[in-house]
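> Here are the chains, one letter per residue:
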Amino acid sequence: MIKTVLTVDDSRTMRDMLRLSLVEAGFRVVQAEDGVHGLEVLRDETPDVIVTDINMPRMDGFGFIEAVRRDAAWRSTPVLVLTTEVDAEKKSRAKAAGATGWIVKPFDPVKLVDVIRRVAA
Amino acid sequence: MDPMAAIRETFFQECEEQLSELEGGLMRMETGETDQETVNAVFRAVHSIKGGAGAFGLEDLVRFAHVFETTLDQVRAGRLDPSASTMRLMLRASDALADLVRCAREGTMPDEAQTTSLAAALKALTNDGMAEGIGAEDDDDGLGDLNFLPLAVAVEQETMPDAGWVITFRPLAALYANANEAALLLREVGMLGPVSVTVDTSSLPDFGDLDPEGAYLTWTIMLQTDCDEAAIRAAFEFVEDDCDLVISRAADRPAEAGLVQVRPDEDAAGVVADVRVLDGDEAAPASSFADIPSDADVLAIIRKAQESVSAPHDDRPVAVGGGAVAPVAAQSRPEARGGTDGPASRSDSGAAVGATIRVDLDRVDRLIDLVGELVINEAMLSQRVMEAGLARASGVAAALDELEHLTREIQDSVMAIRAQPVRSVFQRMPRLVREVAAMTGKQVRLLTDGEGTEVDKTVIERIADPLTHMIRNAIDHGLEPTEARVAAGKPEEGVVKLTALHRSGRIVIEVADDGAGIDRERVKAKAIEKGLIAPDAQLNDEETDNLIFLPGFSTASTVSDISGRGVGMDVVRRSVQSLGGRISIASRPGAGSTFTLSLPLTLAVLDGMVVSVAGHTLIVPLSAIIETLQPQAATVHTLGMDARVVAMRGRYIPLVDVSVALGYRDAPLDADKSVALLVEGEGGVRAVLIVDAIQGQRQVVIKSLEANYRAVPGIAAATVMGDGRVALILDVDAIVSVTRTERLRGDGLRAEPTLSQAG
Numbered sequence: 001m002i003k004t005v006l007t008v009d010d011s012r013t014m015r016d017m018l019r020l021s022l023v024e025a026g027f028r029v030v031q032a033e034d035g036v037h038g039l040e041v042l043r044d045e046t047p048d049v050i051v052t053d054i055n056m057p058r059m060d061g062f063g064f065i066e067a068v069r070r071d072a073a074w075r076s077t078p079v080l081v082l083t084t085e086v087d088a089e090k091k092s093r094a095k096a097a098g099a100t101g102w103i104v105k106p107f108d109p110v111k112l113v114d115v116i117r118r119v120a121a
Numbered sequence: 001m002d003p004m005a006a007i008r009e010t011f012f013q014e015c016e017e018q019l020s021e022l023e024g025g026l027m028r029m030e031t032g033e034t035d036q037e038t039v040n041a042v043f044r045a046v047h048s049i050k051g052g053a054g055a056f057g058l059e060d061l062v063r064f065a066h067v068f069e070t071t072l073d074q075v076r077a078g079r080l081d082p083s084a085s086t087m088r089l090m091l092r093a094s095d096a097l098a099d100l101v102r103c104a105r106e107g108t109m110p111d112e113a114q115t116t117s118l119a120a121a122l123k124a125l126t127n128d129g130m131a132e133g134i135g136a137e138d139d140d141d142g143l144g145d146l147n148f149l150p151l152a153v154a155v156e157q158e159t160m161p162d163a164g165w166v167i168t169f170r171p172l173a174a175l176y177a178n179a180n181e182a183a184l185l186l187r188e189v190g191m192l193g194p195v196s197v198t199v200d201t202s203s204l205p206d207f208g209d210l211d212p213e214g215a216y217l218t219w220t221i222m223l224q225t226d227c228d229e230a231a232i233r234a235a236f237e238f239v240e241d242d243c244d245l246v247i248s249r250a251a252d253r254p255a256e257a258g259l260v261q262v263r264p265d266e267d268a269a270g271v272v273a274d275v276r277v278l279d280g281d282e283a284a285p286a287s288s289f290a291d292i293p294s295d296a297d298v299l300a301i302i303r304k305a306q307e308s309v310s311a312p313h314d315d316r317p318v319a320v321g322g323g324a325v326a327p328v329a330a331q332s333r334p335e336a337r338g339g340t341d342g343p344a345s346r347s348d349s350g351a352a353v354g355a356t357i358r359v360d361l362d363r364v365d366r367l368i369d370l371v372g373e374l375v376i377n378e379a380m381l382s383q384r385v386m387e388a389g390l391a392r393a394s395g396v397a398a399a400l401d402e403l404e405h406l407t408r409e410i411q412d413s414v415m416a417i418r419a420q421p422v423r424s425v426f427q428r429m430p431r432l433v434r435e436v437a438a439m440t441g442k443q444v445r446l447l448t449d450g451e452g453t454e455v456d457k458t459v460i461e462r463i464a465d466p467l468t469h470m471i472r473n474a475i476d477h478g479l480e481p482t483e484a485r486v487a488a489g490k491p492e493e494g495v496v497k498l499t500a501l502h503r504s505g506r507i508v509i510e511v512a513d514d515g516a517g518i519d520r521e522r523v524k525a526k527a528i529e530k531g532l533i534a535p536d537a538q539l540n541d542e543e544t545d546n547l548i549f550l551p552g553f554s555t556a557s558t559v560s561d562i563s564g565r566g567v568g569m570d571v572v573r574r575s576v577q578s579l580g581g582r583i584s585i586a587s588r589p590g591a592g593s594t595f596t597l598s599l600p601l602t603l604a605v606l607d608g609m610v611v612s613v614a615g616h617t618l619i620v621p622l623s624a625i626i627e628t629l630q631p632q633a634a635t636v637h638t639l640g641m642d643a644r645v646v647a648m649r650g651r652y653i654p655l656v657d658v659s660v661a662l663g664y665r666d667a668p669l670d671a672d673k674s675v676a677l678l679v680e681g682e683g684g685v686r687a688v689l690i691v692d693a694i695q696g697q698r699q700v701v702i703k704s705l706e707a708n709y710r711a712v713p714g715i716a717a718a719t720v721m722g723d724g725r726v727a728l729i730l731d732v733d734a735i736v737s738v739t740r741t742e743r744l745r746g747d748g749l750r751a752e753p754t755l756s757q758a759g
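In order, the protein sequence lines correspond to chains B and V.
Going by the UniProt record's numbering, the first sequence opens with residue 1, and the numbers climb by one from there.
Going by the UniProt record's numbering, the second sequence opens with residue 1, and the numbers climb by one from there.
Hints are not guaranteed to be accurate.
[To be verified] Straight-line C-alpha distance at most 25 Å; calculated SDA-like pairs for lysine to any residue:
{"no.": "1", "chain 1": "V", "residue 1": "LYS442", "chain 2": "V", "residue 2": "ARG63"}
{"no.": "2", "chain 1": "B", "residue 1": "LYS91", "chain 2": "V", "residue 2": "ARG63"}
{"no.": "3", "chain 1": "B", "residue 1": "LYS90", "chain 2": "V", "residue 2": "LYS490"}
{"no.": "4", "chain 1": "V", "residue 1": "LYS490", "chain 2": "V", "residue 2": "ARG522"}
{"no.": "5", "chain 1": "B", "residue 1": "LYS111", "chain 2": "V", "residue 2": "ALA234"}
{"no.": "6", "chain 1": "B", "residue 1": "LYS90", "chain 2": "V", "residue 2": "ARG233"}
{"no.": "7", "chain 1": "V", "residue 1": "LYS123", "chain 2": "B", "residue 2": "ALA88"}
Since the hints were derived computationally from the structure, they do not count as laboratory data.
Build out the structure end to end from the sequences listed, making use of the hints.
In structure tokens:
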């Protein structure tokens, strides 16, 4: 079955790259531009995995993950953080918010798919 | 296009947006707007550029962006004070970042010295700004994280035939809370080599005491692999803090007989996992399967675990997370989400932002050309119909009116395609101001207004150069050095104001400074020294100011770095004129100067009054005409030899006979036997133009005379009329500036430079 990935990133470049890499790997991709938009998309979509950026306008990645986890329907959906931060403090903040794992930017498409596969049931 | 190349293109476009966001934000911060939102937006801009740059391996860019970002992060965290000097440095850093982006795009080498020194200055800022220092992170040049891969790569080791690992893995509740799953982690480990897994369910409480979000199982994995410990740890990367994990060499650990069996791979499939469920001291094979354990297999393990504690299947088991829970969750979703909004109403919420398409500019230009031809054709048809003697009220004439209407609308719409706000040009100026300010050692503030004023792309592209030069001049020549300002009782910081607005169908751009104004004595002396005017020439203030437009004129006694680039105001003036524009100066000693550019909104069409002059058809731009009149002989007065003025509403306005000015006739017409147009040139200078007759009004398509023939004094451009003949478009400013009746042609210009230059 084709798996759906929701990507949340304010950068058009990053969205395009994610789409390209994931579609090539056989995923269905839905996208959002920030946390607020991501939650809107989640009203209609049931992604198997969510990939989210941290630094975004309106609602950042931390806020988005927290909101996702607050909703019982998304409690077991893996949420990966896509970040340039390697800072341990940021990582633990993301984890505290409920992130399943992280992908460090810049991502290698093969590794990206691998990480998604790792957390996807 | 190769998809990556397309994304790269997107990246650079996005960079442009981020850079202007960055500059705008920094400039707001400079004026004291240091609210969280502005600072965040600035931070994000740099962060975003860094992220994209990393993806394309643009290391120079990443390295610099990282340093910049770190500094901004300090500001964001309130640990670095955004003082004026800090903001100036940040603005220069944003310029450098823009340079790096441009270099990356063009594949050229960046100015390393500049980047390095700015990066050092930024770093120094963070060190100064932080009392405690940031220790090890200081040494991070930002590339460390680039090499960080999400998965540790297994380091090749000498083959150890007996290599085996025993992994004890006890998930904590937090692991499940973040949607990680023991089953998937086991699957991950299973990919490293043949595994044998046992689960210890002894800590499972009675069902009644079971916390659905708790964690009770301990997994023991025997792994047959050549991989090192790091590779195994990598599988647990995301959960290392959320579980108890012990990884040890099988050899180091005495086998617990009866509990664990390691069975090497004998299967062709490669990986064999032998899963046993442990319940107390009774070990029973649960299932055995080839290949990587599938979800079903893992589920089976979990079921077994459940059975062993007699847990009912239909409830959430032992908090083993998604593998078992997923079906339940999937069922619960439709109710949870199906609700209020239909999918259609939502799915496009992201796409609704400004639906645009990108079109090759050549196509738009071609369209504009074609519309131009259509306009000419419509005019021709109209003329033929008139010639055929059809009544004005006939059906044909009415249809023709309609056609004219439509043509006009098509034309407006087509022109609107290319209309753009002048913002794109204005946005380049802050940087220019910073650079020139730094070079001249002056403090300058740039104010802009009317950035949203729209004008045709053809015009936008060509006003950047004249504007650049005017702003450069305003700072270099216009503004006094700081000491002189202070001495004159002015604020240290000079102000350059850049304004755009629409005025009577043209775009007017002003560059104003609050400097010393034009030093007329010096200008005059210079002009005499260069032989541009006679030593005894009597010039009024305006004429004196206009001397600076003369070719070869420069007031700078030494050629400076900024303005000594072989470009004088004469070149600026010429390029403005070639756009169908005018430039004028208003200067007040001690208070500053204002340069005003007036340009057409488009270079393609013009509303004109068709007039005949000595048998020739000419077009007078409608925007210049205030009214038409029939002068009475009594109102016309002669001044001196041949200068004539007409008395109008208590003022005397110079009379210009167009036929004489252009050299069609030698003697002027009698004013009362002709038609007159009251026109206004740049700077509000008025004149009455005498023509033979008025034929009508018409929108004409401008064809450059210069490109097709050569520049003719007094003539701005040409057009093709309805009958297919070429008509000349009058340059009203040139004509108005000739307030006496001398000809524009020939030596007239050179003999009277002050007048001809007074446009």
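> If you check each hint against the structure, which ones fail?
1, 3
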